[in-house]
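Peer 1: Sequence:
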Amino acid sequence: MIKIYKDFFDSDCLEYIEEQIERSKRTSNLRTSYPTINWGPRIIQESAPVMIYDMVDPDILQKRLKEVYPTEEDIHFMIYYWPVGSYVAWHPDHHVEMTATVYMNKYWNRDWGGLFLYEEGDKILAEIPEWNKLVINAPPVPHASTQVTKSYFGSPGVDGGWAYHNGVPIIRTTIQIFEATEEYKRNAIEGATTHTAGAGWVKGESFAST
163 MIKIYKDFFD SDCLEYIEEQ IERSKRTSNL RTSYPTINWG PRIIQESAPV MIYDMVDPDI
223 LQKRLKEVYP TEEDIHFMIY YWPVGSYVAW HPDHHVEMTA TVYMNKYWNR DWGGLFLYEE
283 GDKILAEIPE WNKLVINAPP VPHASTQVTK SYFGSPGVDG GWAYHNGVPI IRTTIQIFEA
343 TEEYKRNAIE GATTHTAGAG WVKGESFAST
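The sequence shown begins at 163 in this note's numbering and counts up one residue at a time.
Simulated from the structure, these hints should not be mistaken for laboratory data. Just to be clear, a hint being listed does not mean it is correct.
Taking CB as the label site, the calculated pair distances span [unchecked claim]:
id, residue 1, residue 2, range
1, S173, Q207, 35 to 43 Å
2, D221, E292, 22 to 30 Å
3, V246, S173, 28 to 36 Å
4, P301, R204, 14 to 22 Å
5, D236, D172, 32 to 40 Å
6, P203, T308, 31 to 39 Å
7, S190, K168, 21 to 29 Å
8, K225, R272, 18 to 26 Å
9, E181, E229, 16 to 24 Å
10, R188, V303, 35 to 43 Å
11, L176, Q207, 29 to 37 Å
12, T189, P331, 18 to 26 Å
The list that follows gives simulated cross-link-like pairs (lysine-lysine, DSS-like), each with its CA atoms no further than 30 Å apart [unchecked claim]:
id, residue 1, residue 2
13, K187, K285
14, K225, K312
15, K268, K228
16, K268, K187
17, K285, K165
18, K268, K165
19, K225, K165
20, K228, K187
21, K228, K295
22, K312, K165
23, K295, K225
24, K285, K295
25, K225, K285
26, K187, K312
27, K285, K312
28, K295, K312
29, K312, K228
All C-beta atoms, glycine included, are put in the ideal place defined by N, C-alpha and C.
Working from the sequences, and respecting the hints, build out all of it.
Peer 2: So this is what it looks like as structure tokens:
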């Protein structure tokens, strides 16, 4: 089931997220979506690699999320950076209880890709990335993310009549949120997890989602 919450995080949560984003830019602790136990070939296909950062001490986000998604389990929060050419193919995420996305670009044009697609009966529906919009998928239905076609350069400024773009491209950025099933966590801890078409709960790795 899909649930949508606009303007989800409050100013304190957003401040924490911005701090984590800045920290991630200065660290070497970024992973990618190259094939691992958690990112199978059916998920990756021809996608450019997604860069992934595990958020540190996200208690403030857990508290807010559990107001709309009550659970006693710890939730895993990650920052995903989506370069041009990245996407996620259709997958069901049967190994998680919940997957969610929060969109962190303050401006995004639907023509630039990155739309969240999901099945509802015999229809395929789409959600456009919007700043601070939370999309919860629990229990997960089949879903995908369309290919990113462009990075946003920011609003153009004007200097002496000449238009220019401020700074470097702003990469598509999302917060990815997961709650793994108890069975999957047990298997991962025991080292018995098998390679799946989707992603999984393994410490130091990430799920595949949108």
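Peer 1: Next, verify each hint and record whether it holds.
Peer 2: Results for each hint:
Separated by about 38 Å at the C-beta atoms, S173 and Q207 satisfy the suggested range of 35 to 43 Å. For the pair D221 and E292, the supplied restraint of 22 to 30 Å holds, since their beta-carbon distance comes to about 25 Å. The hint said 28 to 36 Å for the Cβ distance between V246 and S173, and at roughly 31 Å that hint holds. The given range of 14 to 22 Å is respected by P301 and R204, whose C-beta atoms sit roughly 20 Å from each other.
In this structure, D236 and D172 break the distance hint of 32 to 40 Å, their C-beta atoms being roughly 21 Å apart. Separation of P203 from T308 is about 19 Å and departs from the stated range, judged on CB atoms against 31 to 39 Å. Range check, S190 to K168: about 35 Å between beta-carbon atoms, so the 21 to 29 Å window is missed. A beta carbon spacing of about 32 Å between K225 and R272 contradicts the range 18 to 26 Å that was offered as a hint.
Between E181 and E229, the C-beta spacing of about 22 Å keeps the proposed range 16 to 24 Å intact. Here the CB-CB span from R188 to V303 is close to 37 Å, well matched to the stated 35 to 43 Å. At roughly 33 Å, the beta carbons of L176 and Q207 sit within the given window of 29 to 37 Å. Range check, T189 to P331: Cβ separation about 20 Å, and the 18 to 26 Å hint holds.
For the hint pairing K187 with K285, the CA-to-CA distance comes to about 39 Å; that exceeds 30 Å, so the pair is violated. Annotation: proposed proximity of K225 to K312 is violated, straight-line Cα distance about 34 Å (limit 30 Å). For the suggested pair K268 and K228, the alpha carbons sit about 24 Å apart, so the restraint of at most 30 Å is met. Note on K268 and K187: the hinted pairing holds, with a Cα-Cα distance of about 18 Å set against a maximum of 30 Å.
Distance hint between K285 and K165 is fulfilled; the C-alpha atoms sit about 16 Å from each other, no more than 30 Å. Distance hint between K268 and K165 is fulfilled; the C-alpha atoms sit about 21 Å from each other, no more than 30 Å. Proposed proximity of K225 and K165 is supported: the alpha carbons are some 18 Å apart, at most 30 Å. Between the alpha carbons of K228 and K187 the distance comes to roughly 28 Å, so the proposed pair stays at or under 30 Å and holds.
Note on K228 and K295: the hinted pairing holds, with a Cα-Cα distance of about 16 Å set against a maximum of 30 Å. Between K312 and K165 the alpha-carbon distance is near 27 Å, which keeps this suggested pair within the 30 Å criterion. About 17 Å separates the Cα atoms of K295 and K225, which keeps this hinted pair within 30 Å; it holds. Between K285 and K295 the alpha-carbon distance is near 22 Å, which keeps this suggested pair within the 30 Å criterion.
A hinted pair counts as satisfied when its Cα atoms are at most 30 Å apart, and K225 with K285 does not qualify at roughly 34 Å. Taking the CA atoms of K187 and K312, the gap is near 20 Å; set against the 30 Å cutoff, the hint holds. Under the criterion of a C-alpha separation no larger than 30 Å, the hint pairing K285 with K312 is consistent with the structure, at around 27 Å. For the suggested pair K295 and K312, the alpha carbons sit about 20 Å apart, so the restraint of at most 30 Å is met.
For the given pair, K312 sits about 34 Å from K228 by alpha-carbon distance, which is inconsistent with the 30 Å threshold.
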